[in-house]
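Number of protein chains: 2
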Amino acid sequence: MRGTFYGVGVGPGDPDLVTLKAIKVLKRAEVVLFPSTGRGKESIALAIAKDYIPEGCTLSPVFLPMTRDKEKLEKAWDHVSLEIAEHLDQGRNTVFLTVGDPMLYSTYIYLFSRIKTAGYSVQTVPGVPSFCAAASAAGLPLGEGDEKIAIIPWNAGESLSAESLDPFSCAVFLKVSSDLTGVLQLIREGGFFRKGILVSRCGHDNEHIETDLSALEERNVDYFSLILARKEES
Amino acid sequence: MRGTFYGVGVGPGDPDLVTLKAIKVLKRAEVVLFPSTGRGKESIALAIAKDYIPEGCTLSPVFLPMTRDKEKLEKAWDHVSLEIAEHLDQGRNTVFLTVGDPMLYSTYIYLFSRIKTAGYSVQTVPGVPSFCAAASAAGLPLGEGDEKIAIIPWNAGESLSAESLDPFSCAVFLKVSSDLTGVLQLIREGGFFRKGILVSRCGHDNEHIETDLSALEERNVDYFSLILARKEES
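Residue numbers (my numbering), protein chains in the order written: chain A, 1 to 234; chain B, 1 to 234.
By construction, these hints were calculated from the structure, which means they are not laboratory data. Where hints are given, some of them may not hold.
One copy or two, it doesn't matter: identical chains are merged, so the pair holds either way.
EDC-like mimics (lysine to aspartate or glutamate), calculated; alpha carbons at most 20 Å apart, straight line [stated by the list, open to error]:
#1 Lys-116 <-> Glu-210
#2 Lys-148 <-> Glu-189
#3 Lys-27 <-> Asp-16
#4 Lys-24 <-> Asp-51
#5 Lys-148 <-> Asp-166
#6 Lys-72 <-> Asp-146
Okay, chain A solo, but in the shape it has when bound (with noise of 0.2 Å):
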């Protein structure tokens, strides 16, 4: 019998904020593949899980190009989703982790359609997305009442407009660390800079919150940082 897939969302950074769901599956995993930035280096999504991965499962890490070439990032999908076909042929469960949430921003989405349109069966457990853990963690609510919110993935080249956010009474700018000059100005533009704070790694022990934006303007700040904003009151 084939084996399932499974996307499995492992939370923001600390091992707690796994779900039972995410615990349940990975102990029944025969194969677990995780993204790794490079050879020796640590990937923080098997950190976050590996109390949960039984003896004997075999440990597979799934290297990207860092590239927004489309072409050149399909052609490595297609070759990790025939890895994974591979181990699901030979009834192996096989789990893909991700940090936070499975169908928020990751590489999960394209082999999840990939081998579900080959027509393996496929299961997605949803995990706690960063940003939520970083409002409980600042103490920021997100959204109250009516109030709408934006998550913006934040990349060289943005171009949104400050109008646009006028609707918006909350908005979360995730990888704001390409560039922070940038975001920030956006975000004074917007309105959003007084209630704007700083998150850098969410829920691992180097943990940093910062309340005062203007504090940047001149920093650099961790590749793993979001901003959380709400819209001050006029």
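Chain B: place on chain A using the hints.
Showing chain B alone in chain A's frame:
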């Protein structure tokens, strides 16, 4: 010694989607407050968490007036906050349960700010939001690559324009049962209709996923329904 106030997110409905951290906090709880819609009615948050609450723990339902009158609501939040403060003064660890995540559209936000301002120790435990669980259940990615996401709690009288959704590739509409016609019209105008999915009672035994929004036009939907939508490719 004063007790600590905990806001605990218990996820969308499946007791297996509770985190280890939530369970650890619940096991040490001496008082657990939970939102309830009326005497004798089942509380969803309590149903999710009940297996993790220790024997002898005081269970206290919180009834809030079904009104949008801010003054009445603030009085009710003040009243509940005083009850919580009394428990804390008597040294009891006191938990407020929230379905989903405590910093997203929860009554906890109003209690949190009052208890925090009064100088008590407060800890918030994030949870899996219902829209993440719905995306996993429906197999619909919410954010890929640089895609922006809008989260919109829908209430009667909503006046968002379709153009204001232009920068967003994905949208999450909450509380859609109040005005399904209005939501569907905006989703259609915004170009999200064909890839829209309605999920009701996500993670509960009576979960329902509707992948064809046009089947909904003449129907009433469950109060606990949300719509996930991706923009149609041009």
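Now for the hints, and whether the structure bears them out:
no., hint, verdict
1, Lys-116 <-> Glu-210, "between (41 Å within a copy, 19 Å between copies)"
2, Lys-148 <-> Glu-189, "both (18 Å within a copy, 19 Å between copies)"
3, Lys-27 <-> Asp-16, "both (16 Å within a copy, 14 Å between copies)"
4, Lys-24 <-> Asp-51, "both (12 Å within a copy, 17 Å between copies)"
5, Lys-148 <-> Asp-166, "both (10 Å within a copy, 15 Å between copies)"
6, Lys-72 <-> Asp-146, "between (42 Å within a copy, 17 Å between copies)"
Of the numbered hints given earlier, the model fails none.
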